[in-house]
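Chemist: These are the residues of each chain, in order.
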Amino acid sequence: MERQLYLSSSPHLSARETTDRVMRAVIYALLPACAVSVYFFGLPALWVLVLCTAGCVGFEALAQKLMRRPVTVGDGSAALTGILLALNLPPASSWWLALLGSAVAIVIGKQVYGGLGYNPFNPALVARVVLLVSFPVQMTSWTAPAPLGSGLDSVTSATPLGDWKTAVMLTGKMPETLQQGLGNYFVGNMAGCLGEVSALALLLGAAYLFWKKILTWHIPLSFVGSVVLLSGVFWLVDPAKYPSPLFHLVTGGLVLGAFYMATDMVSSPVTTRGMVVFGVGCGVITVLIRLFGGYPEGVSFAILLMNAATPLIDRYTRPKKFGYVAEKA
Amino acid sequence: MKLKTFPGGLHPPDNKRWSEHKPIETCPLPEELVVPMAQHIGAPAEVCVQKGDLVKKGQVIGQAKGFVSVPVHAPSSGEVVAVEPRLHPSGKALPAVVIRPDGEDRWVEGLEPGDPEALSADQLREKIRAAGIVGMGGATFPAHVKLSPPEGKKIDTLILNGVECEPFLTADHRLMLEQPDDVLAGVDILRKVLGVSRVYIGIEANKPDAIDLMSQACTGRGIEVVPLEVKYPQGAEKQLILAITGREVPSGGLPMDVGVVVQNVGTAAAVADAVLHGRPLVERICTVSGPLVAEPKNLRIRIGTPLAHLVQFCGGVKGEPAKIIMGGPMMGSAQLSLEVPATRGTSGLLLFGAGDVPLRSEGPCIRCGRCVQACPARIMPTTIAAYARLDFISEAEEYGAMDCIECGCCTYICPATLPLVQAIRYAKGAILAKRRKV
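The listed protein sequences derive, respectively, from chains A and B. Those letters in the first sequence? Residues 1 to 329, by the UniProt record's numbering. Those letters in the second sequence? Residues 1 to 438, by the UniProt record's numbering.
In isolation and in its complexed conformation, chain A is listed as follows (with noise of 0.2 Å):
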């Protein structure tokens, strides 16, 4: 036979979006709150994010090796679950935690359930809860900002949501610093993981990601809406001891967990409709679990709790059928 004609049935196109191009976007879109968190926090952030990275490319090799699977470390998706680990992490955590952690996401989060596309919870969201009920003590060791090139020295701090926890808890009511301290939050000038602290350098990715029609609004919109309207009655109705939706907005990992974390693809609904009750339903728990948890922060529990759902979600968000409209009328 002189020539190979290829045979295969229709469509004979297919669109140039690919797994591992939506893994590097995803990736593209986190660089600018890694380097917010580099600048604020030096070189221990910047450790950290490559020892998470490195660590879950490198255990997700060793993993799929030993279970005789195909390596498929290049779809980027056990690099971009390193980088999620790691603005998961409070700044200055040491490498036994960072590479711990990465273990944990990559083999207990993921392969163990036959890898990319079968794991039902976000796998670094697994590792950071793995880690927070384990090493309290490490996971909750804040360091204060210290921009590079300012000259301070990096000392230990509380979480604006810790603060005010604790204020709560002693006092009944929230200290008036607080809320000051807004603008700083938003764009990062605050005690907290790597990837809780920039809100705004977040956003700026997440805007990437709608733009590549990559994410799509029904997760971070129901997420954070439900957040700002539920955590709104609270404030309306004790402003003295409830935070506004402001505060919530920017502190903790908020932003990170709804642009990032809870539309993880592979976790959440594929409906429509699903993503939204999805999206409402980590919102919610977020705001229960932050104002009368034990946790100062819920965003993790949220997703991880809806991830659990999300099965259920999509067997009952299942869209209308073409045609069957019609029959009833």
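A hint or two may mislead.
To be verified - Sample of chain A residues facing chain B (criterion: CB under 7 Å; computed from the structure):
# : residue
1 : 13
2 : 19
3 : 35
4 : 167
As the list claims (entries may be wrong) - A short, non-exhaustive set of chain B residues, derived as facing chain A with CB atoms under 7 Å:
# : residue
5 : 318
6 : 319
7 : 322
8 : 377
Calculated from the structure, these hints are not laboratory results. Even glycine gets a Cβ: it sits at the ideal position worked out from N, Cα and C.
With chain A fixed as given, assemble chain B onto it according to the hints.
Modeler: Positioned in the frame of chain A, the structure of chain B alone reads:
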């Protein structure tokens, strides 16, 4: 203005610029015309000539067998040199009549011009059937069947499909620009046959010249041109009906269940030819395009022309073809060889090189949900495909596999390159097999 459309769908790069400004050229007769008997959905025609017979253009060479069938006619005058199975676009060798044209292209006697005013609906329908007219959009459903709604089905709307949403194809576009009067003459006949007053012509907004021209031609004739959003599969019958009338054809139903008949613009022009001039369907307009065609063109081709001849008339091939597609790239079929003849359904011939159809390896589903959002049937392709691959046929059925219109949007958009529509097709086959058994 907000353009009308349907929910779902997507817009692949339409690549129409290769041929949209090329006026229709008549492709010369090939040395041999290979006329398959299976050129429509339904029972294939039965050969009624023998090797050695001399035939004239328009002479019946295959007789219709059954209601959902139409006769097949000689595309030119000449000698029947073979009656034998030949490679058919379906990939099988199927009965065909091979004619060597004598170059004189003489019409058979007895083709009478008809007056649509004077003829009854039944007479018109019979003329359309006898002329072998089928849906020219590519589905090739015999036209007279669509025009014969059963008792109790009231048709109130006729929709002309000038959407042409498949990338690369521009045949309908050129037809509307160059022969608007033929199209409208056909519309008048169709509307008389159906007894309807409401007529729409749906055209995608990426053909503004056709929209303008048809709108002008339609003024005062009670026909409304509806510009539609540029989106695939806007030309799918049920999606088109929803976009224009807001009516949703029930699952498993037909357009006539909501009082609508849809005909392609090419079909309308063929109807006009059949009724006004008595001419059977022996030619059609076909877009020859794709990155490997030297000079993409819109051609008036004789049915039965081998594809190689069409390519040759378009300046030949630039490089080695890796994929030959008959029809559009979204729903057309890959061909085994350029020796295959064009049929009544051949709306396009596309040649792609190896670089244009890169083979990507299949990855795991990352549950991005794009297939769900793009699906115009509003089913969940990824879920159905997953069930189909596990052979969970009842689950696939429950999730609406039979509602799939096989447009291929899901497969096109999938970042993991999963063959979703192919898996659903498999499920549909298995569901039908199961139903037959029960």
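Chemist: Which of the numbered hints above does this structure break?
Modeler: 3, 4, 5 and 6
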